[in-house]
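Visitor: The residues making up each chain are set out below.
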Amino acid sequence: MRNTIRFAAASLFAGAMLAATAGAQTISLKGSDTLGAKLVPQLAESFKSKNDGVKFEIAAEGSSTAFPALANGTAHIGMSSRQAKPEEITAAQAKGIKLKEIEACHDMIVVIVNKGNSVKKLTKDQVAKIFTGQVKDWSEVGGAPGAISVYTRNTSSGTYKDWQKLAMKDRNYAPSSQKLAGNEQIAEEVSKNKGGIGYVGLAYAKKSGTAPVTIDGVAPIAANARTYAYSRACYLYIPENADATAKAFADFAISPEGQKIAENLGFVPNH
Amino acid sequence: MSDSSSSSTVPAGHPFRRKGRGTDGLFKAFFAGNAGLTVVILVLIIVFLVREGAGFFPAYRGELELYRKAGLEFVDIARKDLTAHEQMSSLLNRAYYAQVNAACRREFQRSQEATQVVGYIDDAVAPPRSALERVTEGAGEEGAPAELLKSLNARYQSLLADALAGRPGKGLPPTPHLSDEERAGLLQELGAREPLSTDEPALVIALQEQLAAKQADASEPLAGFRETINAFASASEDLDNLIYETGESVKATKEAATLHEIEVTKRDTLLAAVPGTKGAEERAQLEADAKAAVTTEPVDYRAALQPVLGRMGEFEAANARLAAALGEVKAALPSDLADEKAQRYLATFRKAEDEYGRELADTMPKMQAWDFEKPVGLGATISGFITGRDWITGGEWQDFYGIVPLFVGSLIIALIALSLAIPLGVGAAIYTNQLAGGRQQRFIKPTIEFLQAIPSVVLGFLGIAVLGTLLQETSMKDSFAWVPGFPIEQRLNMFTAGCLLGLMAIPTIFSLSEDALNNVPSAFAEASDALGASKLQTVFRVVCPAAISGILAAVLLGLGRVIGETMVVLLVAGNRIEIPDFTEGLGVFFQPAHTLTGIIAQELGEVPFGSVHYRALFVVGMVLFFIVLAINWSAQRLLHRFRIGQD
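Order-wise, the sequence lines are chains A and B. Here the first sequence is numbered in the numbering used here, starting from 1 and rising by one per residue. Here the second sequence is numbered in the numbering used here, starting from 1 and rising by one per residue.
Treat the hints with care, as some may be off.
Stated by the list, open to error - Here are the simulated distance ranges between beta carbons:
{"id": "1", "chain 1": "B", "residue 1": "E133", "chain 2": "A", "residue 2": "E257", "range": "20 to 30 Å"}
{"id": "2", "chain 1": "B", "residue 1": "R641", "chain 2": "A", "residue 2": "K55", "range": "55 to 65 Å"}
{"id": "3", "chain 1": "B", "residue 1": "S479", "chain 2": "A", "residue 2": "G146", "range": "16 to 26 Å"}
{"id": "4", "chain 1": "A", "residue 1": "K121", "chain 2": "B", "residue 2": "E449", "range": "31 to 41 Å"}
{"id": "5", "chain 1": "B", "residue 1": "L411", "chain 2": "A", "residue 2": "T26", "range": "37 to 47 Å"}
I should point out that these hints are in silico values taken from the structure, not numbers from a laboratory. The structure displayed is predicted, hence computed values, not measured ones. Yeah, the Cβ is synthetic: ideal placement off N, Cα and C, and Gly gets one too.
All chains should be modelled from the sequences, with the hints used to inform the complete structure.
Guide: Rendered as structure tokens:
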């Protein structure tokens, strides 16, 4: 009896050891919701089908989460929809980690309104005024009367800051704006609110109940990536001394095949 | 210890005696250890909170000092006028458009109805349509497989036919303002449309044109008003440019100062690592790195501010222009507008005029008296945190940490929750304890207490998916238009969050109130019965007053639970960091808000460790801790103070 228990314990222990060695093949990615919600999981699936035994852990909670995680060594690759700030690079450097920047793809931030809204065209100036709270009623921009409800990402999102730079001349968001956790939630709330307006990544612009807005006469479609006002690059950050699997994955992301996946999801590939 | 053992009846030296004492001691030590550990953990938590939070005020003060020294504060004094002016212009614009659109109500309705019909059909045929789109886009040169195209087209046609007959969903939207021919024509055109065509139907375009023509007509008599508004709105151009230019300049100063500070920190970090190194080469490398780390000079604030302060004259001119524009607009505005809504906006403008004028007059003296070297007091920092009306984080300009909007949000949500939970919880307790029969008691008690077992995140989902949507849809009905705040625009709002929190507080309030009622000595009720009081008289005149302290304590503990709850408010309350607009009366409950708990959950995950923002969230945590502590303490006090019949 005792022997059986010992044997069982030993085999359990051996199993645990095996699982631990297999765990060495795990790539953990942290950061941007824009990249981490759809693109990186799909890249991971297709990478897995080629490389047996590789596992992925993906946590998409906003670009700002990427850099502390890289510095602490809790992530192998950081996803970010903005460039790293100097203090973030310094913080990583202080812990002996030099970050390499990889431009994964381009993304367009699309302004969406409720489908029932008659306003389908805005100028850059009008967009800035809506998001800073200078314009409060749809009638001021040529729509049917009704209060404007502004939905934005929250402060952890790279998109939150990108949008301030791209669309609002660095001014603060209107205090009346509502800060939501992700693209999906913004699209959801805009689809439920007749007076809603928000911004989402291109991949999320097709949600039913919402309609994309043409900015300065340029429609937000991938073909217009160069002329559209609110385009930006998305990055992967990887430590220079990363292990081979993580590096292989980063290379896969910018390979033609990875770029094809990005394109299918509504991102704009690197030329 | 030895005293008690010597008084034992077990004779000395007996094995029982040794054994008993040994296990007794062990048990005692075990339980004392448990209690001690709990106390230690609690103390550690408090120490940790205070240690992380205490650094906040000095650090925030440092940030505010930089904000002042770099001149951002100076620009913000002028910016206040600009913001006020923008709000005033917006009011006039809204009045103008309300007046114009009042004449076009019918055109709006017609246009909207036609769009709704198109939207209904589009939704119904969306799946095959988007599939067709993808197939044709991804096909390349050889073209899409004919078989697939054919089947998708067939699917499209069948769905289209269904939709035209109004079968899916709620049926075709009604079009009371369109004539039968128009409706039939629209449906016919939609039926004949190519699957991939994105052209608007002719009727929709025609209706939009009619609307535009009508708007043009309606705005003709208002041309004077329009010009007045334009003149007023454009008066801020000078100030706008000035603020933009000086803003860029002071921001550059701040960035330079921050960069210098980062470099100094980096040098210090590298130098601190020097003693730990082993080889001389490595050490030399680190020292060289440290030397190379600082590349910038410290910022000379006085010199950097000179170009900004040198434009005081321009600021004065811009301010004068705004004041002049206000004087002109006062005289030129029409005294009355026919439309009720437009009139309301105009009246709001008139009411705000004087205050705006005073603000304009105050600005120049304030800007002239402004001194970049004046130190920021710690008291001012603390009161800025406690009474601050702005919580702005993650911005490029300046972060502000003011707790008032978060506190007000938490408070209103708690009020809503309690006004739901008190009647239900206490009422249920009174019924169960005093009036219900044994079988009912055995059913009601576990059922209500079962509510507590629902995880709050599940309740949050329920709130978004069911309660929020249900409330919003109900509020759209015309028969509820009299309710203040209806129709609800925001699906995520304080009311929904409050209702869910109320549900969560009911079990707490119920069980504790029930206990309190149970604790009332039966002699009270018996005496009352003996005096000939009816059952209800006994319950409400004797038992409830006797248990009131326990019931109040139950309510307070429920309040503590509501204030501390996070997940539900984060998901459902709407996360708008603004003090709710109380001018809407009871409608205020249907506005979104952010809360003390929600902000910690939302922002703590990603703030850089040790930053001012991180510490600010810890201070919010401390505030929360003290609020809940105070609530629980008063609950305890209440219980002891009014305890009757027991001692």
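Visitor: Determine for every hint whether it applies to the structure shown.
Guide: Evaluation of the provided hints:
Between E133/B and E257/A the CB atoms are about 23 Å apart, so this pair conforms to the stated range of 20 to 30 Å. Distance hint check for R641/B and K55/A: the Cβ-Cβ separation is about 60 Å, which falls inside the suggested range of 55 to 65 Å. As the Cβ distance of S479/B to G146/A is approximately 21 Å, the hint placing it in 16 to 26 Å holds. K121/A and E449/B have their C-beta atoms about 56 Å apart, which leaves the hinted 31 to 41 Å range violated.
Checked against the hint of 37 to 47 Å, the pair L411/B and T26/A passes, with Cβ atoms roughly 45 Å apart.
Consistency note: the structure conflicts with earlier hint 4 alone.
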